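Enquirer: Letter by letter, the chains look like this.
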Amino acid sequence: MSSDTELHVPEEEAHGDLRRGFHHELDDIRDDIAKLGAIVTENIPRATDILLNQDLDGAEKLIVGDDEIDVAALALEERCYSLIALQAPVASDLRKVVAAMRIIAEVERSADLTKNLCKAARRIYGHPLNPAIRGIIQKMGDQATTLFKEATESYLAGDATRAAAIDDMDSYLDDLQREFMRTIFESHEAAKSSIDLQVAVQLAVVARFFERIGDHAVNIGERTQYLVTGLVRESLGAARHASRQAAGESE
Amino acid sequence: MAIANGVSTVADHTDTESSSTVSTTTRPEVRNVSEVSLSTTAQTADSPDDSAPTVYDIEDLGVYYGDFKAVRDATLTIRQHEITAFIGPSGCGKTTVLRCLNRMNDFIDTARVEGTVLYHGVDLYDPKVNSTEVRRRIGMVFQKPNPFPKSIYDNVAYGPRIAGMKKKSELDGVVEKALRGAALWDEVHNRLDASGMSLSGGQQQRLCIARAIAVDPEVILMDEPCSSLDPIATSRIEELMQEIKREYTIVIVTHNMQQAARVSDRTAFFITEINKESDRRTGVLVEFNPTEKIFSNPDDERTEQYVTGRFG
Numbered sequence: 000m001s002s003d004t005e006l007h008v009p010e011e012e013a014h015g016d017l018r019r020g021f022h023h024e025l026d027d028i029r030d031d032i033a034k035l036g037a038i039v040t041e042n043i044p045r046a047t048d049i050l051l052n053q054d055l056d057g058a059e060k061l062i063v064g065d066d067e068i069d070v071a072a073l074a075l076e077e078r079c080y081s082l083i084a085l086q087a088p089v090a091s092d093l094r095k096v097v098a099a100m101r102i103i104a105e106v107e108r109s110a111d112l113t114k115n116l117c118k119a120a121r122r123i124y125g126h127p128l129n130p131a132i133r134g135i136i137q138k139m140g141d142q143a144t145t146l147f148k149e150a151t152e153s154y155l156a157g158d159a160t161r162a163a164a165i166d167d168m169d170s171y172l173d174d175l176q177r178e179f180m181r182t183i184f185e186s187h188e189a190a191k192s193s194i195d196l197q198v199a200v201q202l203a204v205v206a207r208f209f210e211r212i213g214d215h216a217v218n219i220g221e222r223t224q225y226l227v228t229g230l231v232r233e234s235l236g237a238a239r240h241a242s243r244q245a246a247g248e249s250e
Numbered sequence: 000m001a002i003a004n005g006v007s008t009v010a011d012h013t014d015t016e017s018s019s020t021v022s023t024t025t026r027p028e029v030r031n032v033s034e035v036s037l038s039t040t041a042q043t044a045d046s047p048d049d050s051a052p053t054v055y056d057i058e059d060l061g062v063y064y065g066d067f068k069a070v071r072d073a074t075l076t077i078r079q080h081e082i083t084a085f086i087g088p089s090g091c092g093k094t095t096v097l098r099c100l101n102r103m104n105d106f107i108d109t110a111r112v113e114g115t116v117l118y119h120g121v122d123l124y125d126p127k128v129n130s131t132e133v134r135r136r137i138g139m140v141f142q143k144p145n146p147f148p149k150s151i152y153d154n155v156a157y158g159p160r161i162a163g164m165k166k167k168s169e170l171d172g173v174v175e176k177a178l179r180g181a182a183l184w185d186e187v188h189n190r191l192d193a194s195g196m197s198l199s200g201g202q203q204q205r206l207c208i209a210r211a212i213a214v215d216p217e218v219i220l221m222d223e224p225c226s227s228l229d230p231i232a233t234s235r236i237e238e239l240m241q242e243i244k245r246e247y248t249i250v251i252v253t254h255n256m257q258q259a260a261r262v263s264d265r266t267a268f269f270i271t272e273i274n275k276e277s278d279r280r281t282g283v284l285v286e287f288n289p290t291e292k293i294f295s296n297p298d299d300e301r302t303e304q305y306v307t308g309r310f311g
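Line order of the protein sequences matches chains H and U.
Per numbering that gives the first Met the number 0, the first sequence runs over residues 0 to 250.
Per numbering that gives the first Met the number 0, the second sequence runs over residues 0 to 311.
Derived from the structure by calculation, the hints contain no laboratory data.
Everything hinted at is true.
Restraint-style ranges between C-beta atoms, simulated for each label pair:
{"no.": "1", "chain 1": "U", "residue 1": "T109", "chain 2": "H", "residue 2": "G229", "range": "41 to 51 Å"}
{"no.": "2", "chain 1": "H", "residue 1": "S242", "chain 2": "U", "residue 2": "S50", "range": "19 to 29 Å"}
{"no.": "3", "chain 1": "H", "residue 1": "R207", "chain 2": "U", "residue 2": "Q79", "range": "49 to 59 Å"}
{"no.": "4", "chain 1": "H", "residue 1": "A238", "chain 2": "U", "residue 2": "D66", "range": "57 to 67 Å"}
{"no.": "5", "chain 1": "U", "residue 1": "P27", "chain 2": "H", "residue 2": "R239", "range": "18 to 28 Å"}
Selected chain H positions facing chain U (in silico; Cβ < 10 Å):
{"no.": "6", "residue": "L17"}
{"no.": "7", "residue": "H22"}
{"no.": "8", "residue": "A87"}
{"no.": "9", "residue": "L93"}
{"no.": "10", "residue": "T228"}
Source: prediction; values computed, not measured.
Don't be surprised by glycine CBs; every beta carbon is placed ideally from N, CA and C.
Let the hints inform the model, and build the full structure from the sequences given.
Expert: Written as structure tokens, this is what we have:
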């Protein structure tokens with residue numbers, strides 16, 4: 000467009016947004032999801048501390064608190080449904096609603112995992128953990144927290160570049176999980192077995208919970224990228240399937 | 000159970016409490032998704048075929064009314080058996096462009112067209128081209144249903160009669176075919192002598208579509224064909240468009256973005272440019288893309304703002 004021209008906007012529309020209420024509600028939903036995400040971000044280190052300090056009161060509080068997160072997630076989901084029903088969103092508006100619904104589920108599930116960490120804390124109550132185990136739990140908790148914080152903040156900011164980095168950060172958490180599994184075996188097999196089998200199984204599950212939280216953070220990052228760019232990232236499975244198809248056809 | 004072959008239902012287990020005898024049941028083979036018919040290709044089926052034959056090649060189209068430039072630099076391709084929608088705010092030139100496609104602008108003395116409008120490779124504005132023949136091949140349906148104050152039969156038979164068809168039996172056949180084609184036959188076949196004006200608004204609009212298709216055109220141009228119709232009559236017309244696009248090529252101007260999204264294969268989005276010095280407003284084609292693209296992730300920021308109502 001040449002410099003002496005500009006977009007013509009009829010007077011009554013000159014103040015911009017024609018669907019202000021609707022767009023305001025979209026922003027509100029995103030902010031509320033981010034608030035839930037922030038609660039989960041805080042609950043990950045809390046659950047880690049509860050686990051390390053065998054804090055039964057803390058565990059109880061967090062487990063009960065999870066029900067409120069479920070209620071909030073449900074209410075947010077319903078707000079998305081009514082936007083679809085009443086506002087017929089298209090283009091970036093539609094992506095916002097769809098991404099919100101997916102991200103709500105990721106946040107809600109992650110909250111469940113922090114609850115599961117607290118339940119595991121109850122089960123290993125009374126069994127002291129050796130320093131190697133404690134160190135890796137702390138690291139996994141820290142990394143899962145960082146991932147979830149990045150996911151929540153990049154969603155709130157609509158920052159696709161930052162969201163794209165979460166996947167790479169997750170591989171460190173995966174490495175920690177593998178390292179933790181080895182440490183559990185070593186601790187169990189040590190001459191003076193420092194953890195019994197029951198505790199070992201609980202700890203393996205704990206590692207899995209942290210690792211899953213990381214995966215949910217990665218999913219939030221992917222949904223954020225979709226929200227911004229409109230592109231759905233091809234999953235690894237779909238990529239493998241495509242290359243197998245290609246290989247089959249060339250034969 | 001058709002979906003999960005060999006998998007017994009929960010009810011089976013609870014009825015017989017046979018969970019301990021699971022090992023005696025036949026286990027189903029592992030099945031891959033490719034062995035189950037899922038419509039995973041729906042997404043690609045929706046996107047229009049870029050190899051479909053071209054009907055119109057419009058290049059750098061500009062339209063003037065006197066020295067006022069109403070539209071500039073419109074370039075787009077309209078393909079056979081597709082529905083192409085023109086959307087945009089009032090005054091963006093979408094109707095002006097539509098009227099260029101069958102030389103309706105010829106009726107306006109001051110109108111002048113520059114650039115090229117090729118119809119099957121023929122320049123539509125070549126002086127040798129017979130504009131009456133153009134309008135026979137390229138029919139038009141207007142915003143307000145405009146049946147002639149004649150009987151339903153005569154409305155539809157009007158075009159064929161002008162074209163020289165005289166035999167009653169032939170005309171009867173054409174009228175029935177056109178009325179069936181416009182999904183109106185069942186409603187009016189026993190009162191073909193009634194006035195076209197006695198029909199409801201939606202029926203009148205379908206009568207106009209019947210009148211347009213009676214002369215066996217190739218293209219049907221529709222200028223906001225549903226804007227005076229209620230939602231039920233609107234969905235009838237939209238359904239009709241989907242049916243007749245197998246035989247015709249349709250171009251529709253609509254103010255209803257959801258209608259463009261529902262019915263069309265491709266969408267052209269126009270906008271009004273305002274020249275500050277002369278205060279002249281000129282329509283510009285901003286984006287022309289598959290409809291799915293326009294309403295999910297358009298290329299141009301202005302399209303995005305328009306379809307999401309963030310205009311301005």
